[in-house]
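Student: Protein chains in written order, with the UniProt record's numbering: chain A, 1 to 289; chain B, 1 to 159.
Be aware that one or more of the hints could be misleading.
Have a look at the derived ranges for each label pair, beta carbon to beta carbon [to be verified]: (1) B:Arg146 / A:Ala239: 43 to 53 angstroms; (2) B:Asn34 / A:Ile40: 23 to 33 angstroms; (3) A:Ala62 / B:Leu18: 46 to 56 angstroms; (4) B:Asp121 / A:Gln56: 25 to 35 angstroms; (5) A:Glu187 / B:Lys118: 11 to 21 angstroms; (6) A:Asp229 / B:Lys2: 51 to 61 angstroms; (7) B:Asp150 / A:Thr22: 21 to 31 angstroms; (8) A:Leu17 / B:Lys91: 49 to 59 angstroms.
No wet-lab data here; the hints were simulated from the structure. A quick note: this is a predicted structure, and the numbers were derived from the prediction, not measured. Built from N, CA and C at the ideal position, the CB exists for glycine as well.
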Amino acid sequence: MQYHSPNSFEDAAALALAATGTTRFLAGGTDVLVQLRADIITPDTVIDIKNIPGTQNITCNADGSWTLGVATPGAEMREHAGLGQDWPGLVEAMDLIGSTQVQGRATLVGNLCNGSPAADSVPAMATAGVELSITNAQGTRRVPVMDIPAGPGRTHLTQGDVISAVHIPARGERGGDAYLRFIPRTEMDIAVVGCAVNLRLDTAGVITEASVSLGAVAPTVLVLDDAADTLIGSTLDDASLDRLAEAASAACNPISDKRGTIEFRTHVAGVLAKRAAKIAYARAQGVTK
Amino acid sequence: MKTIHVTTTVNGDTVEYLCDPRETMLDVLRDRLNLTGAKEGCGTGDCGACSVTVDDRLVCSCLMLGVEAEGKTITTVEGIADGENLHPLQKKFIEYAALQCGICTPGILVAAKSLLEKNPDPTESEVRYWLAGNLCRCTGYDKIIRAVMDTAADMREAS
Ligand SMILES: Cc1cc2nc3c(=O)[nH]c(=O)nc-3n(C[C@H](O)[C@H](O)[C@H](O)COP(=O)(O)OP(=O)(O)OC[C@H]3O[C@@H](n4cnc5c(N)ncnc54)[C@H](O)[C@@H]3O)c2cc1C
Ligand code: FES
Ligand code: FES
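Here chain B stands alone, though its shape is the one from the complex (with noise of 0.2 angstroms):
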C-alpha cells in the first residue's frame, strides 16, 4: 500500500505523517501523533467523542481522512488549554463535575469551545442544538449544559 507524505498544523506545530490513505484523522491523530485527546466512540459520526476543528470547522475526525488535512489547520482538546492555564471551558466542567467517565468530554469541550467561538451568548437550546452530535452515557447532559451556560456568561463578563 502507498503511503502519502502530509503536512498540517496541529495545535499550532507544523507536522508531518505518512499515512495510508483509508486511514482516518482520528487514526492519524491518536496513533501517529500521539494525541490521544479525541476518542473514538462509534467511528460513524454518531456520537462526537472524535470532534476537533479544521480550519475553524467543528467535525468529525473519524469522518475525515489523514491526507485530507494537508494543508489544513487542526485543532484537537490538547490545544484548548494555554500551556498550564485550563481554558474557561475545562475549569468550569470540573466545577460542575460535568463528566464522569470522561470519553465523551474532549470533544464536547472542542465543540463548546467552537459554538462559543461564533455565538458568545447562546441559549439553552441553542446549545443543546449545537452538542446534539455529542453523546454522553454517563452524565445526563444537564450538567455539561449548565457548564457550558455558565462559561458563556463568566466569559462575555471578562471580556
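For reference, chain A alone in the conformation it holds in the complex (with noise of 0.2 angstroms):
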C-alpha cells in the first residue's frame, strides 16, 4: 500500500490518474479504515487530503452560502456556531453518524462517496442542494450531490477525480431543513429508513419550494419530486401530509432484511416523512431551531 499526502488537489488528482489497482481517498478514514482491517479492500494506494490547505475550514460566504473543507469532521460542523443555524437538518444528519469518536473524523464526502444507500447525511445534503466541486486533470467542475450516487458502494466519479469543495446554497428567508432517521437503538446504528425534508415558506406560511429525499429503501438514496409536489402550495394541512406519505411510501423500493422488513420500510417513510416535513415546516416559520 502507497500512502500518499499531496498539498493540492491538482496533485491529488494527479497521483489518482497515475496509480494503478484500488485508490482511496483518506478523509476521516472511518470507512476506509474499516474495510482495509476487515480485509473488505486493501487499496494499492491512499491519498490523504487532508493536508491540502482549507480541507477543514467552514467559511460563510458574503453571499450568504457556506463552503466546506472535503475534510472536515462532523465534530466541527456541530461545534459551528452559524452553520446548524442556517441548516440544523443538515448538521443532524452528520451529527447522526457514529459515536463521539466517529464524529471526530468522518466526513460528508466520505460519507457520500462510500456509496452506502443508508448514508445518513445524503439525503440532507441532496434537500439542501448541495453541491461539489470535483477536480481532475482537466480542472475543477461543479456538480449536484446527487449527481454522484450510482449505486450501493459506486459513484460516478472516474479515476483520477477527487471532490476538492463543498458548497452548500445561502439558507435564505422563511426556509427549514430536518432529517429523521428510524434505528432499532437509540444511537449508533445504521438507517432502516432515513428522510430529509427542505422548505420554503411565502410570508402567509404557504409552501413556496419543498425538497424530500430518503435513504435505506432503494439502491441509492432517492429525491422525491412527487412527494415534494404534494407539499408546494399548502400549509402542511393533514391532507398534505397524508398525500406526503402515500408519495414517500409509493416511492419506495426496498430490500427485507433483518433490520427492517418491505413493508415495514415502506410505512416508515411516509411516517417519518411527514415527522420531518413539521419539524421543517416550523423551522422554516422561526418557531423552533
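Dock chain one against chain two, each of which comes alone in its own frame, and use the hints as you go.
Tutor: Here you go:
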C-alpha cells in the first residue's frame, strides 16, 4: 500500500490518475479503515487529502452560502455557531453518524463517496441543494450532490476525480430543513429508513419550495419530486401530509433484511416524511431551531 | 514494503518512528511506542477502547493510520495523570469501582476527560450520549456515568 499526502487537489488528482490497482482517498478514514481492517478492500494507493490547505475550513460567504473543506469532520460542523442555525437538518444528519469518536473524523464527502444507500448525510445534502467541486486533470467543475451516487458502494466519479469542496446554498428567508432516521436502537446504528425535508414558505406560511429525500429504501438515496409537489401550495395541513406520506411510501423500493422488512420500511418512510416535514415547517416559520 | 518516517508528539514528548503505511495508530502506540493503555476491542470503531485525542479531538486510534500522526499532538490514557498524581476522573473511577476487567477504562477516561474539557457541566444524558461509543461489557454503565458526573461536580467546585 502506497501512502501519499499531497498539498493540492491538482496533485491529489494526478496521483489518483497515475495510480494502478485500487485507490482510496483518505478523509476521516472511518469507512476506508474499517474496510482495510476487515480485509474487504486493501487499497494499493491511499491519498490522504487532509494536508491540503483549507480542507478543514467552514466558510460563510458574503452571499450567505457556505463552503466546507472536504475533510471537515462532523464534530466541527456541530460545534460551528452559524452553520447549524442555517442548516440544522444537515448538521443533525451528519451528527447522527457514529459515536463522538467517529464524529471526530467522519466527513460529508466520505459518507457520500462510500456509496451506502443508508448514508445519513446524503438525503440532507440532496434536499439542501448541496453542490460539490470535482477536480481532475481537466480542471474543476461543480455538480449537484445527486450526480455522485451510482449504486451500493459505487459512484459516478472516474479515475483521477477528487472532490475538492462542498458548497451549501444560502439559507435565505423562511426556510427550514430536517432529517430523521429510524434505527432499532437510540444511538450507533445504520438507518433502516432516513428522510430529509427542506421547505421554504411565503409570508402567509404557504410552502413555495419543497424537497424530499429518502435513504435506505432503494439502491441509492432517492429524491422524490412527486412527494415535494404534494407540499407546494399547502400550509402543511393534514391532507397534504397524508399525500406526502403516500408519495414517500410509493417511491420506496427497499430490500428486506433482519433490520426491517419491505413492508416496514415502506410504511416508516411515510411516517418519517410527515414528521420531518413538520419539523422543517416549524423551523421555516422560525418557531423552533 | 516501504516504511514511512513519522515525527509526532505523544503525551507531550516528541517521538519518531518508522511504520508500514497499513499500520493503525493503535498498532503504532502499542507495538512501536510501548503505550499499551489504548486497547483493541473491535478494531472497527465500535467499542471505543482505543480512544485517544489527536489535536484535542477524540478519535478511535484503530481507525487512523500511524502515518497520519505526522505533526500532530496525541494524548493517550498514559498522559492523563500528572506524574504520580491521578487525574480526578481516575480517582473517582476507583472510588466508585467504575471498572471491573478494565479493558474499556482507558478509552472511557480519555473520552470523559475530553467531554469535561468541552463541557464542564454536562447533563446525565449528555454524558451518556458522549460515551455511547465506549462499550463496557462489565459494569452496566451506571457507575461510570455517576463517576463522571461526580468528577464534573468536584472539578467545577475546585475551579
Ligand atoms: C462505528 C461506526 C459507525 C458508523 N455509523 C454510521 C451511521 O450511523 N450512518 C452513516 O451514514 N455512516 C456511518 N458510518 C460510516 C462512516 O463513518 C461514514 O460513511 C463517514 O461519513 C465516512 O466519512 P470519512 O471521511 O471517514 O470517509 P473515508 O473513510 O475517509 O472515505 C470513504 C470513501 O470516500 C472516498 N472519498 C473520501 N474523500 C473523498 C474526496 N475528497 N473525493 C473523492 N472521494 C473521496 C474514499 O475514497 C472512500 O471510498 C459509521 C462508521 C463507523 C466506524
Ligand atoms: S478498537 Fe477501536 S473502537 Fe474498538
Ligand atoms: S470494565 Fe470490563 S469492559 Fe468495561
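Student: Hint by hint, note whether the structure agrees.
Tutor: Consistency of the hints with the structure:
{"no.": "1", "hint": "B:Arg146 / A:Ala239: 43 to 53 angstroms", "result": "holds, 50 angstroms"}
{"no.": "2", "hint": "B:Asn34 / A:Ile40: 23 to 33 angstroms", "result": "holds, 30 angstroms"}
{"no.": "3", "hint": "A:Ala62 / B:Leu18: 46 to 56 angstroms", "result": "holds, 47 angstroms"}
{"no.": "4", "hint": "B:Asp121 / A:Gln56: 25 to 35 angstroms", "result": "holds, 28 angstroms"}
{"no.": "5", "hint": "A:Glu187 / B:Lys118: 11 to 21 angstroms", "result": "holds, 18 angstroms"}
{"no.": "6", "hint": "A:Asp229 / B:Lys2: 51 to 61 angstroms", "result": "holds, 57 angstroms"}
{"no.": "7", "hint": "B:Asp150 / A:Thr22: 21 to 31 angstroms", "result": "violated, 49 angstroms"}
{"no.": "8", "hint": "A:Leu17 / B:Lys91: 49 to 59 angstroms", "result": "holds, 56 angstroms"}
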